[in-house]
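Asks: Based on these hints, arrange chain G on the given structure of chain H.
Protein chains: 2
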Amino acid sequence: MTELAQKIIAGDRRALARGITLVESQRADHRQDALALLDALRTSGREALRIGLSGTPGVGKSTFIEAFGTFLTDQGLKVAVLAIDPSSTRSGGSILGDKTRMEQLSRNPNAFIRPSPSNTQLGGVARRTREAVAVCEAAGFDVVLIETVGVGQSETMVASMSDIFTLLIAPAGGDELQGVKRGIMEIADLILVNKADGELKAAATRTCGDYAGALRLLRKRPQDPDLFPKAMMVSATEQDGLDAAWAAMVELSEWRKAEGHWQKNRADQAVHWFEEAVKIGLMARLEASDAAQDAKRAETDAVSSGTTSPDAAAARVLDALK
Amino acid sequence: MTELAQKIIAGDRRALARGITLVESQRADHRQDALALLDALRTSGREALRIGLSGTPGVGKSTFIEAFGTFLTDQGLKVAVLAIDPSSTRSGGSILGDKTRMEQLSRNPNAFIRPSPSNTQLGGVARRTREAVAVCEAAGFDVVLIETVGVGQSETMVASMSDIFTLLIAPAGGDELQGVKRGIMEIADLILVNKADGELKAAATRTCGDYAGALRLLRKRPQDPDLFPKAMMVSATEQDGLDAAWAAMVELSEWRKAEGHWQKNRADQAVHWFEEAVKIGLMARLEASDAAQDAKRAETDAVSSGTTSPDAAAARVLDALK
Chain H
172 MTELAQKIIA GDRRALARGI TLVESQRADH RQDALALLDA LRTSGREALR
222 IGLSGTPGVG KSTFIEAFGT FLTDQGLKVA VLAIDPSSTR SGGSILGDKT
272 RMEQLSRNPN AFIRPSPSNT QLGGVARRTR EAVAVCEAAG FDVVLIETVG
322 VGQSETMVAS MSDIFTLLIA PAGGDELQGV KRGIMEIADL ILVNKADGEL
372 KAAATRTCGD YAGALRLLRK RPQDPDLFPK AMMVSATEQD GLDAAWAAMV
422 ELSEWRKAEG HWQKNRADQA VHWFEEAVKI GLMARLEASD AAQDAKRAET
472 DAVSSGTTSP DAAAARVLDA LK
Chain G
172 MTELAQKIIA GDRRALARGI TLVESQRADH RQDALALLDA LRTSGREALR
222 IGLSGTPGVG KSTFIEAFGT FLTDQGLKVA VLAIDPSSTR SGGSILGDKT
272 RMEQLSRNPN AFIRPSPSNT QLGGVARRTR EAVAVCEAAG FDVVLIETVG
322 VGQSETMVAS MSDIFTLLIA PAGGDELQGV KRGIMEIADL ILVNKADGEL
372 KAAATRTCGD YAGALRLLRK RPQDPDLFPK AMMVSATEQD GLDAAWAAMV
422 ELSEWRKAEG HWQKNRADQA VHWFEEAVKI GLMARLEASD AAQDAKRAET
472 DAVSSGTTSP DAAAARVLDA LK
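One line per chain: the protein sequences are H and G, in this order. With the numbering used here applied, the first sequence corresponds to residues 172 to 493, in that order. With the numbering used here applied, the second sequence corresponds to residues 172 to 493, in that order.
Don't read these hints as lab results, they were simulated from the structure. You may find that some hints are simply not true.
For chains that are exact copies, the list does not tell them apart, and a pair is met inside one copy or across any two.
[To be verified] Cut-off 25 angstroms, straight-line C-alpha distance, at most; resulting in silico cross-link-like pairs (DSS-like, lysine-lysine): (1) K428 - K401; (2) K178 - K391; (3) K493 - K450; (4) K391 - K401; (5) K428 - K249; (6) K428 - K178; (7) K391 - K428; (8) K435 - K372; (9) K435 - K450; (10) K391 - K249; (11) K435 - K391; (12) K401 - K435.
Bound conformation, chain H alone (with noise of 0.2 angstroms):
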């Protein structure tokens, strides 16, 4: 392992996409090798910036990350965008799948996109994707962004392994604004409304006010310097705004640096990813044993249907396991 971390230590774009498909497989004995790899990876010591990202289908996140994307590598910086597909779960399919998606950014050598990858189970995809975010970071990308859609747990996910967490929503008139799920505006550091422009630029303003005065509600965070969150206006498609966005997040990471938010938040993430990681692993032994699963599957028909008290349930399926 250590000849492929050193080859993607060094910006072999082939080892890189080895090196993620390696975190990504499915097979059992991949998976030593994927841990001493991302052991190996460690020590280049490099931090990019990982930028989270949600937003519904049509809020324009791919021409979003495609002027992002480009706008900083016109900055000379080294951009990836991986992505956590909830609906890859069911249907196998994976958003930026399709790179031309995104044509002018993945033609772009100081730029790489990897689609979501696919699997059984959501936990199960968000550790790969953390793990790939990991390669790219040693592989000395300035910037990673993490895409994923609103929905389900997804946007928690990619908030765990983000240092910032953008939001990015389309501008609405009156009735049509129930468009965030509840629960983002607790983990958005920034909200940006696109559309900015022509039409929608009226729109866009009043929809930003009221996503101000929404985050002005809410309780200030240690984590967060003076007038963050805040939600500001962009148009990918005039590419406006880009600028002030990028600033913004530059003004956010650096604060939380000096501060030491920013190394506290990787420091939690990672304790926080281990004791999942313990839990998955203690759950994988009951799903192992036939006994502890038929147990389960009958006391939770007997507690949904009232019939029962979870810790009675609970107390006779670990017995089942014993």
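Replies: This is chain G only, laid out in the frame that chain H set:
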């Protein structure tokens, strides 16, 4: 346990208090009896309206519960008040420990007030309170109010044992508004702006409008009829708006019952607590192993400082358990 269950179902107040003490007991030999009691009480088939209520210190939570509880008993309803106090995990103290906080209600024969159980773990407090809710329900209370202060995960826990979750807030002006914990608007069914009286009336009207606007930005949930979740004004000291708040709660719960959301929510909550109990039981096995605990401490340090990957660390902890 059958005799105690029969007395509780018959409305015996001392049996009720004994039943709750039993489910709250931390003694391992009481646990079997507690589970048997809960299964026996389940035969009553009674259902209360479980109302979760959260608010930061200073919003007038005690005054509201006193006024609202008295309003409900005046309608001929029997009301139980329980609490989850996240601070009791540290201090051993408890909110509602001092019944003089609600002097009038505590003397009311149709009301029952129980202080928050103290425990070393918030998860443990939540389980005990959830079971105390079931005991009160079997005892024939029409409404069970479950109170918490807005700290940590306690609101989510209260919401996951409530049919309706209510957030109580105080009026404020301009920059003072940063009072709502992130994530709470996600779970609120009703936001009540308290102290809508005297000098604060105008500020309450503005605050109520601000929250109504913020709620409109959120995507509609399947379990909400038109115009819900909503923000309303109340004055606990002037007993103003309590009837409208209660009418909204009744409207919401009847709609949810008619549409099947009520039963589905209760079944989902029971399954959630069951799955949590299984996880907690599995984690308890890890905690009972000295070798696994030693490994977990060492690996947490390594993960936190970035010298190993979360998954490699987790694999070593699980190996130590085996």
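Asks: Of all the hints given earlier, name the ones this structure violates by number, lowest first.
Replies: Violated hints: 2, 6, 8 and 10; rest satisfied.
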